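Q: What follows is the residue order along each chain.
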Amino acid sequence: GAVVSQHPSRVICKSGTSVKIECRSLDFQATTMFWYRQFPKQSLMLMATSNEGSKATYEQGVEKDKFLINHASLTLSTLTVTSAHPEDSSFYICSAQDSLNYGYTFGSGTRLTVV
Amino acid sequence: KNQVEQSPQSLIILEGKNCTLQCNYTVSPFSNLRWYKQDTGRGPVSLTIMTFSENTKSNGRYTATLDADTKQSSLHITASQLSDSASYICVVIYQAGTALIFGKGTTLSVSS
Chain A
8 GAVVSQHPSR VICKSGTSVK IECRSLDFQA TTMFWYRQFP KQSLMLMATS
58 NEGSKATYEQ GVEKDKFLIN HASLTLSTLT VTSAHPEDSS FYICSAQDSL
108 NYGYTFGSGT RLTVV
Chain B
1464 KNQVEQSPQS LIILEGKNCT LQCNYTVSPF SNLRWYKQDT GRGPVSLTIM
1514 TFSENTKSNG RYTATLDADT KQSSLHITAS QLSDSASYIC VVIYQAGTAL
1564 IFGKGTTLSV SS
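Line by line, the protein sequences are chains A and B. Count along the first sequence from 1, add 7, and you get the number used in our numbering. Count along the second sequence from 1, add 1463, and you get the number used in our numbering.
What the hints contain is simulated information worked out from the structure, not anything from laboratory work. Quantities reported herein were computed from a predicted structural model and do not represent experimental measurements. Just so you know, not all the hints are guaranteed correct.
Computed list of chain B residues with no C-beta within reach of chain A, every gap over 12 Å [stated by the list, open to error]:
#1 I1475
#2 I1476
#3 Q1501
#4 G1504
#5 R1505
#6 T1526
Listed next, the in silico DMTMM-like pairs over lysine to aspartate or glutamate satisfying Cα-Cα at most 20 Å (straight line) [claimed, not checked]:
#7 A:K48 / A:D105
#8 B:K1567 / B:E1478
#9 A:K48 / B:E1517
#10 A:K21 / A:D95
#11 B:K1567 / A:E66
#12 A:K48 / B:D1530
Note that the Cβ used here is the ideal one computed from N, Cα and C, for glycine as well.
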């Protein structure tokens, strides 16, 4: 079945630094990738949708200059949290849409802690 | 307004018992409905995918039902195990598969 690899699984960084999270589709081509944020005991909140080779579409309230998304190939999308602050601490999850059958597969998530 | 509502919000059952989780949606145009299991600190894992014409689909001890007329789905878990403790999320895909809406999930706790 479709597999999405997300790295790192956990990261701790200092305030003011930037953190990059990678999302890779291992055995299929993902024309569209999604980035979500999840707070404890809350549902997934869509942050942005990215299509290969084009600019990401951000949800209302999500700062595009703070959460940089790059989808340079059909198998890789990255989310960079720039100038991270403690309030950016959260669980970030990516998902990839299979271009053939529109399946949605999720990565295993990244726990970001900003200290 | 497109919405997905799940009930109950949380549920505690004894190991070995059965349970049923509910999902009601008001999403159009409907493409398919998916149930995911999300363990704490992990990404969601797909359990079942159901299209408009499917009424029932099973995956081991998980059985999902769909009534497209009443826009209701259920996930039945048989002979629960401790490892079933997780959040179960109902997701409705619409607009020809290009958009999706998440329910808030049901948190299931299975105790021994």
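Q: Just want to verify: I1475 of chain B was marked as not at the interface with chain A; is every Cβ pair farther apart than 12 Å?
A: Consistent with the label, I1475 of chain B stays out of reach of chain A, its closest Cβ about 15 Å off (over 12 Å).
Q: May I ask you to check that Q1501 of chain B keeps its beta-carbon over 12 Å from the closest beta-carbon of chain A?
A: 8 Å, violated
Q: For the pair supplied as a hint, K48 of chain A and D105 of chain A, confirm whether the alpha-carbon distance does not exceed 20 Å.
A: 28 Å, violated
Q: Does T1526 of chain B really sit off the interface, with its C-beta more than 12 Å from all C-beta atoms of chain A?
A: 20 Å, holds
Q: Hey, K48 of chain A versus D1530 of chain B, does the alpha-carbon distance stay inside 20 Å?
A: Roughly 28 Å between the alpha carbons, so the hint for K48 of chain A and D1530 of chain B is violated.
Q: Should the label of R1505 of chain B as a non-interface residue stand, given a Cβ cut-off of 12 Å to chain A?
A: Since the minimum Cβ distance to chain A is about 6 Å, R1505 of chain B lies within 12 Å and the statement is violated.
Q: Between K21 of chain A and D95 of chain A, does the CA-CA distance stay at or below 20 Å?
A: Distance of about 11 Å is within 20 Å: holds.
Q: Going by Cβ atoms, does G1504 of chain B stay more than 12 Å from chain A at every point?
A: 7 Å, violated
Q: Are the Cα positions of K1567 of chain B and E66 of chain A separated by 20 Å at most?
A: Holds, at roughly 18 Å.
Q: Holds or violated: K1567 of chain B and E1478 of chain B, Cα atoms, limit 20 Å.
A: With a Cα-Cα distance of about 24 Å, the restraint between K1567 of chain B and E1478 of chain B is violated, given a limit of 20 Å.
Q: Taking the shortest Cβ-to-Cβ distance between I1476 of chain B and chain A, state whether it exceeds 12 Å.
A: I1476 of chain B clear of chain A: closest Cβ-Cβ about 19 Å, beyond 12 Å.
Q: Is the Cα-Cα distance between K48 of chain A and E1517 of chain B 20 Å or less?
A: 31 Å, violated
In summary, the numbered hints that this structure violates are 3, 4, 5, 7, 8, 9, 12.
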